[in-house]
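Input sequences plus hints: build the corresponding full structure.
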Amino acid sequence: MSWLIDARRWTMLFSGAFILGLAWIFLSRLENPSGGSNAPPNPQVGFTAPSFTLDSLSGEPISLSDLRGKVVVLNFWASWCPPCRAEMPAMNAVYEKSRDQGLVVLGVNTTFQDDENNARQAIQEWGLTFPIVFDRDGVSSRGYRVQAMPTTFFIGRDGMIRDIVFGGPLSEALIASKLEILMRNE
Amino acid sequence: MFPVIQLGPLSIQARGLILLVAFWLSAEVAERGAKRLGLRGEVVYSLAFVAAVAGVIGARIGYVLEHWLAYQSDLGAIVALNFNTLSPLAGAIAGVLVAYLSARRKGLAHRLLLDALTPGFIVLAGGLALADLASGDAYGSPSSLPWAIELWGAARHPTPIYQLIAVVAIGLIVLKTDRVFDGARFGWFVALSASSRLFIEAFRGDSETFGGVRTAQVWSLLVLLLMLVLLRRWAKSAGASAANDGHSRGSGNPKHEVGHGASVRRV
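For the record, the sequence lines run as chains V and P. For the first sequence, the residue numbers in the working numbering are 14 to 199. For the second sequence, the residue numbers in the working numbering are 282 to 548.
Since the hints were made in silico from the structure, they are not lab data. All C-beta atoms in this analysis are idealised placements derived from N, C-alpha and C, irrespective of residue type, glycine included.
If you want the ones that stay clear, here's a sample from chain P, every Cβ over 10 angstroms from chain V, calculated:
no.: 1; residue: Trp305
no.: 2; residue: Arg317
no.: 3; residue: Gly319
no.: 4; residue: Pro369
no.: 5; residue: Arg386
no.: 6; residue: Pro427
no.: 7; residue: Leu456
Label pairs and their in silico Cβ distance ranges:
no.: 8; chain 1: P; residue 1: Ser425; chain 2: V; residue 2: Gly151; range: 27 to 35 angstroms
no.: 9; chain 1: P; residue 1: Pro423; chain 2: V; residue 2: Arg133; range: 37 to 45 angstroms
no.: 10; chain 1: V; residue 1: Ser64; chain 2: P; residue 2: Val334; range: 38 to 46 angstroms
no.: 11; chain 1: P; residue 1: Phe364; chain 2: V; residue 2: Asp171; range: 21 to 29 angstroms
no.: 12; chain 1: P; residue 1: Arg386; chain 2: V; residue 2: Ala36; range: 41 to 49 angstroms
no.: 13; chain 1: P; residue 1: Gly357; chain 2: V; residue 2: Gln126; range: 27 to 35 angstroms
no.: 14; chain 1: P; residue 1: Asp459; chain 2: V; residue 2: Gly29; range: 18 to 26 angstroms
no.: 15; chain 1: V; residue 1: Val152; chain 2: P; residue 2: Pro423; range: 23 to 31 angstroms
no.: 16; chain 1: V; residue 1: Lys83; chain 2: P; residue 2: Glu347; range: 23 to 31 angstroms
The structure is reproduced here in structure tokens:
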């Protein structure tokens, strides 16, 4: 590779890489980088969170789309799942600390693969104060491609999914660390 | 796309599993590459292991420091490792730093060592592309091309597959080309990888941008240019060493063992 030592040839290579690189960066820049909120709903970071409407504990329906403007921690759980049970106190603590700043923790019980009575009993036992909804037919869980239990989605005020954590249990510090930037953004 | 592999009651993240296998394979390949270059394979293997452990610890510390406000009141949570709570940049810095210091302590020639590790880096890069393919990360922008794949509600550029093809091509070029001077194999691997990222990033649908410019492309171009500068320096110093060797042989002085003139030994 003696041409690397040849000053003229190396300068040509370096300049060529620099000019072509810059040109490619310019040509492939995004005209509308904001685009996010226009992205179709998908259970993936960078996309709008798919909406759903499910019955809450009291029977009153809750729609995810109604929570737009708030930071949402969407937690899919089941009463038979030990990590789900273990992380519930942390979820509740974070909710209680930040609900006044516009945080909503929404627990989605995967009722289609759980026992609703057991779930209700567990909620009472844990003394959860955040809203819980029941996915009885599994449509919402499948829409979010929930394969691991628990699965937690962190959704910004604009309705976009900003992070996903598969598995658990999540500590209070971990949940808070994921929310830091989301809570700061208006 | 298989983001989670279900093994009975156990849910395993495909991404993590693929990266783990890729790392193990890359260490094996690096060990063999080291033997071919006259280095002791097990020394390189242990170096890779130490770098990996340092990388994970560094990534964890980096994440905790980035989010200190969240962790300061719950110090016990620092040791609760989760794949989602690692800082890749801090991990890379810690891994490289520890590997550098460890290699220096063992008296290994750095450029020769980097050449020996390059086949391992190629396997790791391939594993990363496969992990992205499995998890649906690093997805492409919408496309109407016949080879577009259906992902996240649209036909998209299969960018992880582009990346995989690039890794194979770079691997073939780098490993089939003669290693003319110490560092050449590693240098071309980095330069070509940066070029491929610069090119393929244009088809990504998840690029981070600054004023419309894809930041990964800017970093890739900077790495490419820096590597070209380093390659030239290394080639020049190898040329100068070779000339000195010729001169030394003529004057009866003992010759250096490693081409770039540093006082290093092969372990």
